[in-house]
Amino acid sequence: MSKHTISILVNDQPGVMQRVSGLFGRRGFNIESITVGSSEEPGLSRMVIVTTGDDRTLEQIQKQLYKLIDVIKVVDVSSNPMVARELGLIKVSAEPAARPEILGIVETFRAAVVDIGPSTLIVQVVGDTEKIDAMVELLKPYGIRELSRTGVTAMARGSR
Amino acid sequence: MSAQSATLKSKEELIEKWSKPEVISGSEMLLRSLLLEGVDCVFGYPGGAVLYIYDAMYGFTDFNHLLTRHEQGAIHAADGYARSTGKVGVCIATSGPGATNVVTGIATAYMDSVPLVVITGNVATHLIGTDAFQEADIVGITMPITKHSYLVRDAADLPRIIHEAFHIANTGRKGPVLIDIPKDVSAQKALFQPVKEVNLRGYHPTVQPNRGQVDKMIRAIEQAERPLLLVGGGAIYSGAHEELFEFVTKTEIPITTTLLGLGAFPSGHDLHIGMPGMHGTYTANNAIQNADLLINIGARFDDRVTGKLSGFAPKAKVVHIDIDPAEIGKNVTTEIPIVGDVKAVLGIANTLAKRADKADDWRSLLRDWKASKPFKYIDSEAELKPQWVVQMIHETTNGDAIVTTDVGQHQMWAAQYYPFKRPRSWVTSGGLGTMGFGFPSAIGAQMGNPGRTVVSINGDGGMQMCAQELAICAINNIPVKVAILNNQVLGMVRQWQELIHENRFSHIDLAGSPDFVKLAEAYGVRGFRASNKEEARQAWEEALRHPGPAVVEFVVRRDENVYPMVTQGSTIDQMIMGDSE
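Chain order of the listed sequences is A and B.
Take 1 as the starting number for the first sequence in our numbering and just add one per residue.
Take 1001 as the starting number for the second sequence in our numbering and just add one per residue.
So that you can see chain B by itself, here it is in the shape it has in the complex:
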């Protein structure tokens, strides 16, 4: 990738280099401060209010800047970078429309606790509040969807603010932080001194848990006959996959991982019973409903996981480990709350944990369910089935790719039929459910993981929400492999209209979509199309062998549904099994 040319220096070297106080512009401070935070890649789009910032980047090669074709592409790319690397994703947009174009991406990151630092320009300080050209109150607009935000009024504050922003974004419950920089502040000259400490009186996330609470959990495990772990994205975000593996190995408690928790634990493991919730496994949902001890590790009891809340896990004593105390008891009454970082909590628990000896019958019951009720679909030789395509992608990438998805049916099929072995390999918008996320997030994931295969699985709907970013793949030779499961319809909406709205198919036909092969080629990206298994495998393997980006359009069956399915208002064991019966 030509964009991978930044020469990174260590933070110590940089602090050394800039230790002598120096008067520089706010824009130069911004760049220096980003480098001090270890930023190697920024996604952005220039405009009037960030002209000074882009001027400071003229000829600048200390980090990469990727010019996307839409600010939404920039922020989703930063998000994919952050989810796949664990580092803070950074994007830059100008004031007004530039800033409002990143709102969806900020909300996406906020819902899934993804660390981002979003830098927006604003009109000059004296123009703020006058409805000036390209003015928008982006701090106000994004207040409910950011972890924190800053409107910078003095360039001298920039080093501190940027350091704080990175600290806030990537500690505690992670999330997006917005820094709004008026144009005059980015031009203003002030004394630059690297900031090394953070002093935030109102921000002290609890990392180490209360030891007594961990003891209570251990005792509950000893007594449990039907214990179950429900593991979410928090386990991945805290880097706790090794501790989690040790915990499961020691206790031998069966484990289900939520949509965002996929990869926290090897999917192929004997004790792993798949994903719970609306499109989860029979085993996971029934295990939750029958468990006598449910240990939630870094998940937030989202409605797509719990189904009808009043009937959720009716027999279980609930333990909830979360770094955000506000999540504990928010939806589900919790007997043993444990506030702390998952890695720290499991680290302590592992020194105490013993095998759950009373749970042998339970383990064998779940093993039987798992064997008799796997995800199933009716395959076809006449038509290409989307589930088969995902399985083929899994097979040809040895289950080792980073997979990003958009939102809808293809997302659920990817979650069901691409079993992950390791964390930070699965990038999907779970909370907000953002269409248009899948493809640009893959670009960010590839920038952060140049050595890995990155596959973006999309529908024909979502692909058209950010297709313009094919340009930056082509120009920078970012070798993302894009799979489009083209069923010519908004599939998940079609499915709900079929099953819940009595076949009243309203405004879901995507006739008029472009020829995706030609679209790819128009941007200089290799394009393929496949309508049967043989073509599909051939095209996909060719795309994987191709050293650059590639798009493969799989023409799949239109009326395929995602099963199992729990409809809204049902408890999660009331599953429509459909074709998977």
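Here chain A stands alone, though its shape is the one from the complex:
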């Protein structure tokens, strides 16, 4: 079992998300995260799905995806060097006394504070999944009120 990041180019049609996610659900493929947005070409969207499975499962996922008429291209971007990023918003308890410490962590992670409330801060962190996991761990002692993550989007490095 290993983790794979699959990039899927699809027609920007109503229901296409349902077709893709439904296929994963019906065939028992796991979805760790799923993101979708526009692509470089008008009319096409790009979905990025992080999944786990052995080679045989991954092969089935790709073949089954290709059977969907609205799926144009499927690439296992994690099979080669890639850039994978997600964004996390973390609302952390931050009484004035605790703020300098938190700001120190934020700075070290090259994250940003995007909102300051009377007793909370919203920290925005961008990076690979591990970086966001680490940030969350470090902020836990201060009290995380709310956590929202986008899921991974990814791209192969170089001209591939």
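Among the hints, a few may not be true.
[Claimed, not checked] DMTMM-like, lysine to aspartate or glutamate: derived pairs with alpha carbons at most 25 Å apart:
no.	chain 1	residue 1	chain 2	residue 2
1	B	1317	A	55
2	B	1315	B	1361
3	A	63	A	12
4	B	1196	A	12
5	B	1330	A	55
6	B	1308	A	54
7	A	67	B	1037
8	A	73	B	1197
9	A	67	B	1197
10	B	1330	A	54
11	B	1317	A	59
12	B	1533	B	1521
13	A	63	B	1303
14	B	1308	A	59
15	B	1370	B	1292
16	B	1330	A	32
17	B	1330	A	59
18	A	67	B	1137
19	A	67	B	1335
20	B	1009	B	1157
21	B	1308	A	55
22	B	1216	A	59
23	B	1196	B	1016
24	A	63	B	1335
25	B	1189	B	1037
26	B	1370	B	1400
27	B	1343	B	1037
28	B	1317	A	54
29	B	1343	B	1242
30	A	67	B	1302
31	B	1315	B	1225
32	A	67	B	1303
33	A	91	A	32
34	B	1533	B	1559
35	A	131	A	107
36	B	1330	A	76
37	B	1315	A	55
38	A	63	B	1302
39	A	67	B	1157
Derived from the structure by calculation, the hints contain no laboratory data.
Chain A is fixed; fit chain B onto it per the hints.
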């Protein structure tokens, strides 16, 4: 048949006729587009959301419309039409309950790769999502059981969508396509122009195989000492029976055909060793388990064929020819995958194939098995045996009928005791195993094949799941011959309860079934009943001679089991031979 009165024009004539752009309603576009696809028969049921479509059909005679008595009957009829003709079957249902009533039929067609275009009405666009009267999200409901689906939002898209739907349904790995048309779209007027091309970026089925892979298969055949062909429905769907015959003639490799592959190759041929799997022949199952080369041609290694997967074909190098790459390696590890259309693959293979010279001992071994272990049953003069009835039906139709079945014991007996000579003569729900399929699918098969004898073999259980379609046989004089093997019990369930659940017979007694003769007569269909061989033959021959539809109820032995049988979890050579010992 009075319903066979449509006057078909060629596609070119129609394109010519409609070449001038014209503003017409979505419903008229639908009818024109269906005609452009060569549709000659549609099965349907009207309702509120398809009123405009049915209004456009008022007085319309360019194709037949058969009004079934249940949407499930309509879609199974369309399925029988498609399987027996190779053309796309078409059915129409209204929104909500009309649409949900075709779900079983869509799943049936999807599992067996049958090309259907299913047209459903929906509530008007502005009402979608409001839980309006008779609203159902049929596109969402059927997403996992359709090859593709459309919700039409603009009538101007209809000609393109319908053309695409027929293309998708009947190319590549075939399957059902659903077109959901909201009521306002069927009323909307827009410019109609016939669509001639299909432009689908995400859909390019591989027809021509990789030549190197075919070469590998040929080399594997040359080296094989115990080669075997496992042939499925794909060989029939691609129209490859002639290429297959040539391939077998050239290589002299023994061949087994799956339930859906029956008819792809003449059953009486010396090299044909029958059907494999749960109720297959001793020879086919043992051949698979001992083969050193297994060439799968258009079959999908279904669990009813493989038995316990980890012990399936343990000695074989596997070649798999399939138009759907996702089937290759899905269940069985495959050494030589060949993605392509069976007809194209065998066409190339036939230019290279030579006799498998090392397989002489193997051929004679299988010949011995075949001679010593045929399907067998203990016949009786006191009681009518269902196997005997099927053999009698085979004999009296010269093995030339189109046979449709329902699901269960009678289905297996029909597969075992009605050897088919040619393709598209066997219509059965293999993958989904749909009760209620047998009889309506025969109506569709008869509509598509007016000149042939169509026999529908059913159990007393399944016959009651779609018996209402006797009405359309009577009204349209569709001369389907219905055989009901009445054992007064859900036979296959009874068999499993006897053999696997220690005789704990739970809820299988079908006491209270109607008098099937009277039921037939209530609809205006000739009915017969037979309880012994003499009556059976007499009634059946009379039914065959009768120019219209007929129902013959054969009262058969209740506790008969289908043998051989491979129980779940066993490898396919662990067969319970039962009476066939």
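Checked hints:
no.	hint	in the structure
1	B:1317 to A:55	holds (21 Å)
2	B:1315 to B:1361	holds (17 Å)
3	A:63 to A:12	holds (20 Å)
4	B:1196 to A:12	holds (24 Å)
5	B:1330 to A:55	holds (12 Å)
6	B:1308 to A:54	holds (22 Å)
7	A:67 to B:1037	holds (24 Å)
8	A:73 to B:1197	holds (22 Å)
9	A:67 to B:1197	holds (21 Å)
10	B:1330 to A:54	holds (13 Å)
11	B:1317 to A:59	holds (21 Å)
12	B:1533 to B:1521	holds (23 Å)
13	A:63 to B:1303	holds (20 Å)
14	B:1308 to A:59	holds (23 Å)
15	B:1370 to B:1292	holds (19 Å)
16	B:1330 to A:32	holds (23 Å)
17	B:1330 to A:59	holds (9 Å)
18	A:67 to B:1137	holds (22 Å)
19	A:67 to B:1335	holds (23 Å)
20	B:1009 to B:1157	holds (24 Å)
21	B:1308 to A:55	holds (22 Å)
22	B:1216 to A:59	holds (22 Å)
23	B:1196 to B:1016	holds (12 Å)
24	A:63 to B:1335	holds (18 Å)
25	B:1189 to B:1037	holds (21 Å)
26	B:1370 to B:1400	holds (23 Å)
27	B:1343 to B:1037	holds (23 Å)
28	B:1317 to A:54	holds (23 Å)
29	B:1343 to B:1242	holds (9 Å)
30	A:67 to B:1302	holds (19 Å)
31	B:1315 to B:1225	holds (12 Å)
32	A:67 to B:1303	holds (22 Å)
33	A:91 to A:32	holds (22 Å)
34	B:1533 to B:1559	holds (18 Å)
35	A:131 to A:107	holds (13 Å)
36	B:1330 to A:76	holds (19 Å)
37	B:1315 to A:55	holds (24 Å)
38	A:63 to B:1302	holds (18 Å)
39	A:67 to B:1157	holds (23 Å)
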